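Peer 1: Chains A and B, in that order, are what the protein sequence lines are.
Just so you know, we're using my numbering here: the first sequence kicks off at 1 and counts up by one.
Just so you know, we're using my numbering here: the second sequence kicks off at 1001 and counts up by one.
Take these hints with a grain of salt, some might be off.
What the hints assert, rightly or not - With a cut-off of at most 27 Å between alpha-carbon atoms, the simulated DSSO-like pairs for lysine-lysine come out as follows: (1) K296/A - K1071/B; (2) K184/A - K124/A; (3) K47/A - K26/A; (4) K1139/B - K398/A; (5) K47/A - K184/A; (6) K1006/B - K305/A; (7) K124/A - K69/A; (8) K398/A - K431/A; (9) K69/A - K47/A; (10) K1071/B - K287/A; (11) K305/A - K287/A; (12) K124/A - K18/A.
As the list claims (entries may be wrong) - Listing some non-contacts, in silico: residues in chain B with all C-beta distances to chain A over 12 Å: (13) N1002; (14) I1007; (15) H1012; (16) G1038; (17) R1107; (18) G1123; (19) P1138; (20) K1139; (21) G1146; (22) R1147; (23) E1170; (24) P1171; (25) S1185; (26) A1206; (27) P1227.
Hints are computed from structural coordinates only; laboratory data are not their basis.
As the structure is a prediction and not an experimental result, all values here were calculated from the model.
All C-beta atoms in this analysis are idealised placements derived from N, C-alpha and C, irrespective of residue type, glycine included.
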Amino acid sequence: MPRLPTDRLIRRNGAPSKAPLVVSGKSGNALHVHALEARAARLGLYKGQPLANARAMVQPLAIVPADEKADAALLEAIADWCDRFTPLVSLDAPDGLFLDITGAAHLFGGEAAMLAHVTGLIAKQGFAVRGAIAGTSLAAHALARFAPAIVPAGGEAAAIAPLPITALECDDKTLRALRHAGLKTVGMVAERLHSELSERLGKSFVTRLRVMLGAEEQPLTPRRALPDLMAERHFAEPVVTQDAIAAALLGLAQALSEILEREGRGARLLEAVFFRADGKVERIAIKTGEPLRDPKIIMRLLNQKLDALADPLDPGFGFDLVRLEALLAEETRPATISFDHDENARRQIGFLVDRLSVRFGYTRVQRFVPQDTHIPEAASAAVPAQDRDFGPETWTLKRCPDDPPRRPLRLLQKPENIEAGFPLAPDGPPKFFRWRQCQHDVARAEGPERVAMEWWRNPGLTRDYFRVETKAGQRFWIYRDGLHVQDQLAPRWYLQGVFA
Amino acid sequence: MNNMEKIQELRHFLARYDLPQDRPPLTLGHPQADAVLGGGLRPGVLHEVFAGNWSAGGFAVALAILAAGTKPLFWVRPDYEAMEYGAVSPNGLLELGGDPRRLIVVRTRNAADALSASADILGCPHAGAVLLEIGGMPKCLNLVAGRRLAFAANESGVTVVMLREGAQAEPSAALTRWQVSSAPSRADDDDWGNPVFDAALVRHRAGGLGHFLMQWNPEHAVFTTHPGAVVAAPAHRPAYPQERRAV
C-alpha cells in the first residue's frame, strides 16, 4: 500500500479540494516528502524529495506532518482484517503486509483470483494497493513494489532479474558501490560470484539476495501465535442476531471437536474470532484446566465468557466470518467413562474451576502451595487453580496435638503498626495496645516466637511474635520489630494476623 | 375448586417448597446446640453468621470445615474483604483443623460477582461447602439473592455459610442465623486454651433459638461445651428480641 499515510488522511477527512496532499517527514533537520497522493505524483513529485523542492514545483500544496503511530495502527487493523484470508499474516512495516497463502489459494479459486479478490477488497476501502505472489516474502515484497506479478514457484530469479538495484533496498553505501561496479539490475548483481559479493558487501547482503531470488527460504514471523487447529465459517450474508451467532458457534464447536477427536487431542486454549463486515475483529479467548473437546462444554464456557464481557460483543453490521481456534491443543488420554466416584468428582470440580476462571479471571480462582520458609507472610503461595490439581503437597502443622492454633486464620495484607503500652516484663508482650481506633487489653499471651528474617532475601529486623488474647477473648498475632535491647526505649509493635 | 381452596393449596405448596430437603444433620458436638438444631448443622442450606467481632470468622470457618468434610471448600470473597479483613491464610486454616489442599479461594471484584460465583459453585454437588464472605450491606444482597443461594444449595446439597461483617441483620432466606463474637478462653488462670465463641442462634426457621458458649477443637474438628461465665439463655426465649421482626 504505497500511499498508506495519504490514503488514511483522505479516508478520514475527504480529499482536499484543489491542493494535492503531501505528508511530510523529517530526516535530520530537513523536511522531505514522506508520502504523497496520486495527483501529487502525476505532477512530478516523488517520495523522499526535499519538501522545499516540492513546494517550489507545485503551488498550492496541502502538507500534513507524518503520524507514524496512526499509520502503524492502521496497518495493524488491516492485518487483523486480513486474518480472514489466512491465519498467517505478518507485517511488512511501514506500508506492506505478507500473507502466507500456502494451501489457502484454492479456496478463493486460485492464486490470481485470490490476489484480485484481496486487492480488490482493500482498494474498495480507499487504499492504493499493489500485490504480488511469489515463493519467498522478499521476492513478493520487491515485485509488489516494482512489477506486480504472480510468479510460479521457481520463477523468482527470472522475474526479479530485470528489476533495478533499488529493489534490493540496501543502504546508500552499498547502492553506490553497486553502481560504481556498473551493476544496474538485480539480475546483473545475481550473476556475480556470491563469494565476491559477500567479500565486498557483507554476508547479510548475499543472504538477502538469495532469499529474494527464491534460492533460500526465510520464514515469516506471524503476528499472532498460529492455532494448532481451527474451524471457521463464512457467511454470504453477515449474521447479526444472537441466535444466529450462537448457532454458528455451536456448529464450529462441533466441527472443531471432530478434528480434535480425530487427532486424539483436546484444547487447552481456545479463541473465538469474530470478523465484522466493516473490518473490525473481536477475539475472545478461554483457557481450560484440562484438554477439552466436548462441544457442549466449549459452548458453555464461550457463552459464559460472552456474558461476562464488559462491553458486549457488538455485531455492528454483522459478522461475515466466525472462526474457532484451538491455540493450544494437547494429547488427551482416551476418554474412558470412569465408574470411580472420586475420579468423576475430581473432573467435575475441574470443570467448575474452569467455569469460574473463565467468568471471573484466571488468577482469581486460587489454590495454595506451601513454601519452604518460616517468614509468616511467605509461608504459602497462591497459584491459579487451573494450573494445579489437588496436590499431594504436605502442609506442616505448627501447633502440638490438642493445642490451639499457632498461626492466624487471616493475615493482614501488611502488618499494621499498633500503639503498644508498656510491657510487664521488659521483653514481654504489651499490657494493652491500640489498633484501628480500638483499645485492646491483653488478658493472656504466649510467646515470644522468634522469627529471624532471611537476610539473603529480604533484610529486616528479627521479630518476636506473641499470640495475645484480649479481655474480650479475641486473639491477635502481634510482634515486636527487632530484639529487645536496653537502650531501645520505644520498640515498634505490629499486628499481623487474627486468629479465630 | 374455589379461590380459597386454591390459595390454601398454594400456601401448602409454598411451605413445602421453601423448606429444605431432609438431609441427615452434621453433629456439631455441642449437646445443647445440637438439640436446638435438631441433631446438628443442616447440610444443603444457607447459614448466616453475623460478626460481633473478629472471632466470628473462625466460627464461620469451623462451620464450613464441618460442612465440607472431605470435599473441597470454596471460600468466596470480594477483593475489598482482603483489604479490610486480611488475606486467607492456608496455614491458619490447617491450624484450625481444615485441609489447605482442598481449599479454593475465589476472589471477585464485587459482592454481586461473589454471589453469582457462589451460586455457580452451589450448582456442583461435588463441592463440599461454600464460605461466602460479604462485608457491609451491599445492595445486591437482597432477599432474592439469598433465596437463590438457598435454592441452589437445596438442589445440590452443598452447604453455604455466609459470613457477614459490619452488617445489620435483615430479612433473608437463611435457615439459621448466628450472632457470634469471642469469649475469653479461661476466666481464671493464664493457661491458653482452644478458641471459644459466644454464639447466639438468633434465628432458626425450623426450631428453637439459643445462646451458647462453644469451644472449637481443631484436633477433632468438633465443638465442645465450655464452662464459661455466660449462662446459656433458655431456648424458648429469644436472645435478641429485635430479631422477632425478621421474616
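Peer 1: If a hint holds in the structure, say so; if it doesn't, say that too.
Peer 2: Hint by hint, here is what the structure shows:
no., hint, result
1, K296/A - K1071/B, "holds (26 Å)"
2, K184/A - K124/A, "violated (36 Å)"
3, K47/A - K26/A, "holds (12 Å)"
4, K1139/B - K398/A, "violated (41 Å)"
5, K47/A - K184/A, "holds (21 Å)"
6, K1006/B - K305/A, "violated (43 Å)"
7, K124/A - K69/A, "holds (23 Å)"
8, K398/A - K431/A, "holds (26 Å)"
9, K69/A - K47/A, "holds (19 Å)"
10, K1071/B - K287/A, "holds (24 Å)"
11, K305/A - K287/A, "holds (11 Å)"
12, K124/A - K18/A, "holds (23 Å)"
13, N1002, "holds (44 Å)"
14, I1007, "holds (38 Å)"
15, H1012, "holds (36 Å)"
16, G1038, "holds (26 Å)"
17, R1107, "violated (5 Å)"
18, G1123, "violated (8 Å)"
19, P1138, "holds (17 Å)"
20, K1139, "holds (20 Å)"
21, G1146, "holds (21 Å)"
22, R1147, "holds (22 Å)"
23, E1170, "holds (25 Å)"
24, P1171, "holds (28 Å)"
25, S1185, "violated (6 Å)"
26, A1206, "holds (27 Å)"
27, P1227, "holds (14 Å)"
Comparing the model with each earlier hint shows violations of hints 2, 4, 6, 17, 18, 25; every other hint is respected.
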